[in-house]
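S.K.: Here is how the chains run, residue by residue.
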Amino acid sequence: MATTARVGILQRPLAPTGVWSWITTVDHKRIGILYGVTALIMFLIGGLEALAIRAQLATSDANVISAETFNALFTMHGTTMVFMVVMPAGAAFFNFLIPLMIGARDVAFPRLNAFSYWLFLFGTVLMNVSFLAGAAPDSGWFGYAPLTANTFTPSASVDYWVLGLQVLGLGTLIAGFNFVVTILNLRAPGMTLMRMPVFVWMTLIISFLIIFAFPVLTIALTLLMFDRFFGTNFFAMAAGADPLLWQHFFWIFGHPEVYILILPAMGIVSDVLPTFARKPLFGYATVVFAGAAIAFLGFGVWAHHMFTVGLGAWATGAFAVATMTIAVPTGVKIFNWMATLYGGSLRFQTPMLFALGFILMFMLGGLSGVMHASVPVDTQQQDSYFVVAHFHYVLFGGSVFGLMAGIYYWFPKFTGRMLREGIGKVHFWIMLIGFNLTFMPMHVLGVLGMPRRIYTYSADQGWDLLNGIVSAGAFIIAISLLVFLYNVWTSLRNNPRVTTTNPWGASTLEWSIPNPPPVYNFAVVPTVRSLHPLWDEDANPIDPPALPPVDARAIHMPSPSYWPVVLAGAITLLAAGLLIWKQASLPGLVIMMASGVLMLYSLFRFAVEPATEPVHGHGAHGAAAHH
Amino acid sequence: MATIHDHAAEHGRHPGVRQYITIAVILGIITLIEVGIFFLEITSWLMAMILLTLSLSKFALVVGYFMHLKFDDKRFMALFVIPMIAMVSIAVVLLAVFGNLTR
Amino acid sequence: MQYLAGVPEHRTSTGLNNRKLLMWAFLGSDVMFFGSLITTHLIYRGQSLTGPAEEILNIPVTSISTFVLLMSSLAMVLALAAIQRGNIRGMRLWLSATAVLGMIFIGFQMFEFYEFAHLGLTPRTNLFGSTFLVMTGFHGAHVTFGVFWLWSLVFLSFKGKVRQDTSLDVEIAGLYWHFVDIVWIVIFGVVYLIGAYGVEASDAAHAVAGMLS
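Chains as they are written, first to last, in this note's numbering: chain L, 1 to 627; chain Z, 628 to 730; chain X, 731 to 943.
These are computed hints drawn from the structure, not numbers from a lab. Idealized CB from N, CA, C, for every residue including glycine. One thing to keep in mind: the hints can contain errors.
Unchecked claim - Cross-link-like lysine-lysine pairs, in silico, DSS-like; alpha carbons within 25 Å at most:
1) L:K425 x L:K279
2) X:K750 x Z:K697
3) Z:K701 x X:K889
4) X:K750 x X:K891
5) X:K750 x X:K889
As the list claims (entries may be wrong) - Quick look at which bits of chain X chain Z covers, simulated, 3 or more residues with Cβ under 8 Å:
6) 747 to 761
7) 771 to 781
8) 789 to 796
9) 861 to 872
Unchecked claim - Listed next, with one range per pair, are the computed distances between beta-carbon atoms:
10) X:E845 x L:A133: 38 to 48 Å
11) L:G18 x X:G867: 24 to 34 Å
12) L:W489 x X:T874: 43 to 53 Å
13) X:T874 x L:V19: 31 to 41 Å
14) X:E845 x Z:R645: 35 to 45 Å
15) L:T192 x X:P790: 50 to 60 Å
16) Z:R645 x X:F878: 23 to 33 Å
17) Z:I712 x L:A133: 55 to 65 Å
18) L:T192 x X:E845: 20 to 30 Å
Taking the hints into account, I'd like the entire structure generated from these sequences.
M.R.: As structure tokens, this is what we get:
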């Protein structure tokens, strides 16, 4: 065992560049970039799925795609956008930024961090392989059992969905643990909890939501997996199972998940607004506590997704009240953001435009959302396009606009180059117009009675005009994304490197170091003395100017490792083996046993491997010194 | 209890070997009582409550002494107890909604 | 678990050790895992349409296996106490005892599952079979993983990698092991004793409702 450690591919990779250096990286910034690029690719795929859906629905009685394809597309569009776009995009930001914002050199467990990313990527790939196998999941993104049980969906489609989500969810869980420990434990001296940027706070809250909400999804998926693979009875109506069990578990997870999706955007906007209003965030503590309150209450409102199933008057009433309550902290945040703008010297650069777009669009989504707290209204709107309009205002108008603000804002931090202002503004306006053209008419369609998830409708319903506008809007959004991609491409190619460390004049710690940051982030770990270290810099300098030059080679950074990717691969192979087992038991069994052995072995090696290779440490990260 | 605590204070954060064995004996006795109650076969909610209380006291002893939570940092306690409360609340609500509490 | 180290261990903002904090966060999360499984079992209690259910549970035998797991927890703390005093041989002895007791527990569980299958209860039989066997099986998987972990520590101790100054490795493994034990305390109390007691959960609920009103 020990002898193989230094042979061939198993030798610890020490080169600072090249493909292997990315595969074996444990650097939080590189992992952040991997998350971001993957999320962007999946955003384009999920967007194409949406375009196909809208092409089909643009006119009545259309025949662009079949009903079966339509089902697969809306299922994968939802699953992709939630689990493979917005969540990893959030992860991209907090991987790259959290250590920089709290004054740390990496996360608490760098190899676990890489492990999280590979599990996410492999889970994503595993689920999307279903398209190639001709068995794409087609039961909706919340996979309601018993519809997803063997009786009603005998094809392998749900198997891909369940196993893909399991692998991906494991990665998310581990990332959650990692960031709880990182934020609590790795803060620079003086960085008290109430001096952390709001984005760091929101990430901490999201991490807690992940570690306490994802287990419930994992168990629900496990039960469904056992039903589908081993013939258990959890969702077998014939054996007396309850059809509501899945719905409860899914939404006990699902409502906290909603906040996992929106809180990163709220954190980003809370850091962008002060920078472009040139004044501190109004009521910092209130924004933080409102975020915590949202997370806490988020565990007690799940049944508002189930008002129409007949829970009984008491349960329905209690959950309606809880749902109205959770709107309060959200409203508090919106007032705080508006008060931040009041009296500020506003600069309307692209990040600011997206942040303002976020506030407005998210508010509209929040308003249509709180309507659903009223049970009679909800009963009327259940499963109609009104609901589709609502959650797109929250998830696209909210999360995506917020994430876009973050991309424009931190792009120089990620790459060392600014994005083009002019193209950025064009991008913003096209996206805003396209977004509202797409989703505003859906409110009306919903009220007119158009149900969601229908693959076509007849001309005499009178839904043609509005659906036409919606589809046109969807294509305008696609154009805005092309503008964005062009902006990224041309900015990376043609824009000069930013020369200052703090191009926006921001107040937070990540802007005190070069763009992009060196491998070790901070040459000297800073001491923080206020909530706005860079704005109070004159009074409290972060790095004393008289600091002697630092030898970067003396800074020990964790070494790259193969084991995260190997372990993630083994787990994915185990899931794939289970899929194959259902079709052909012997080959499946062989694959599962082989990958099980590989899993245990790589887990052991992962565990006993020192974080920093003794012979390494100084030298290989000497690359750092050249920055 | 007081003696155990004093001893722990003397020897730093952890109770000593004798205390561990004492706790284990108590755990064993509680388990015996539980099984004894079970075989009394008195069907009543009171017995169910007593069984639940006995299980909870075993739970508390293991968490408090074997896992040192009684002597350790209170933030570890928070990290463990808060999801505990959340999960028990969710379970009670679910059992109520599914009618298990009134059936 | 010095060997599991992430970033070199220096002073942390909270003063809490990174890996110990990670373990407690994991245990908090694991509460939700087991909580969901036990809740599922309770929701489906008495709902099975066919086949054997609660009456099949063998309380005397499970009482013994429960006692075995409780004693393994004692062995675990004794292992920790030994290494904290620098007694490596004592630690090795108690760790091995813990692992062996864990394996005996698993043996009891395999015997139980085998007996149930003999009596016509498999995960496919009815709701009780599904919820009970998946829940206790999930717990058994935790014990099995713990046994692997404990033997790894014994193995590493021979290579001089488990020492007094790295006793935290043993402490963290111990946290995991005791957690698995308390989950079993809950399962034994709620699922076995109360479950097989013939006490309708509703009686207890009426009592609670009575107290509240």
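S.K.: Can the suggested window of 20 to 30 Å be confirmed for the beta-carbon pair L:T192 and X:E845?
M.R.: violated, 58 Å
S.K.: A range of 55 to 65 Å was offered for this pair. Does it hold for the Cβ distance of Z:I712 and L:A133?
M.R.: 44 Å Cβ-Cβ, so the 55 to 65 Å window is violated.
S.K.: For the pair supplied as a hint, X:K750 and X:K889, is the alpha-carbon distance within the 25 Å limit?
M.R.: Within the cut-off at roughly 23 Å; holds.
S.K.: How does the coverage statement for the segment 747 to 761 of chain X fare against chain Z, requiring three or more residues with Cβ below 8 Å from a Cβ of that chain?
M.R.: holds (count 8)
S.K.: Please test the hint of 38 to 48 Å on the beta carbon pair from X:E845 and L:A133.
M.R.: holds, 41 Å
S.K.: Does the Cβ-Cβ separation between L:G18 and X:G867 fall within 24 to 34 Å?
M.R.: Violated, since L:G18 and X:G867 (Cβ atoms, about 44 Å apart) do not stay within the stated range.
S.K.: So if I understand the rule, the pair passes when the alpha-carbon distance is 25 Å or less; does X:K750 with X:K891 pass?
M.R.: holds, 18 Å
S.K.: L:K425 and L:K279: Cα distance at most 25 Å?
M.R.: It holds: about 23 Å lies between the C-alpha atoms, which stays within 25 Å.
S.K.: That 23 to 33 Å hint for Z:R645 and X:F878 (C-beta), does it hold up?
M.R.: holds, 31 Å
S.K.: According to a criterion of three or more residues whose C-beta lies within less than 8 Å of a C-beta of chain Z, is the segment 861 to 872 of chain X covered?
M.R.: violated (count 0)
S.K.: Is it true that X:T874 and L:V19 lie within 31 to 41 Å of each other by Cβ?
M.R.: Holds, at about 37 Å.
S.K.: Are three or more residues of the segment 789 to 796 of chain X within 8 Å, CB to CB, of chain Z?
M.R.: It holds: at least three residues are needed, and the segment 789 to 796 of chain X offers 4 whose Cβ sits within less than 8 Å of chain Z.
Taken one by one, the earlier hints fail for this structure at numbers 3, 9, 11, 17 and 18, listed in ascending order.
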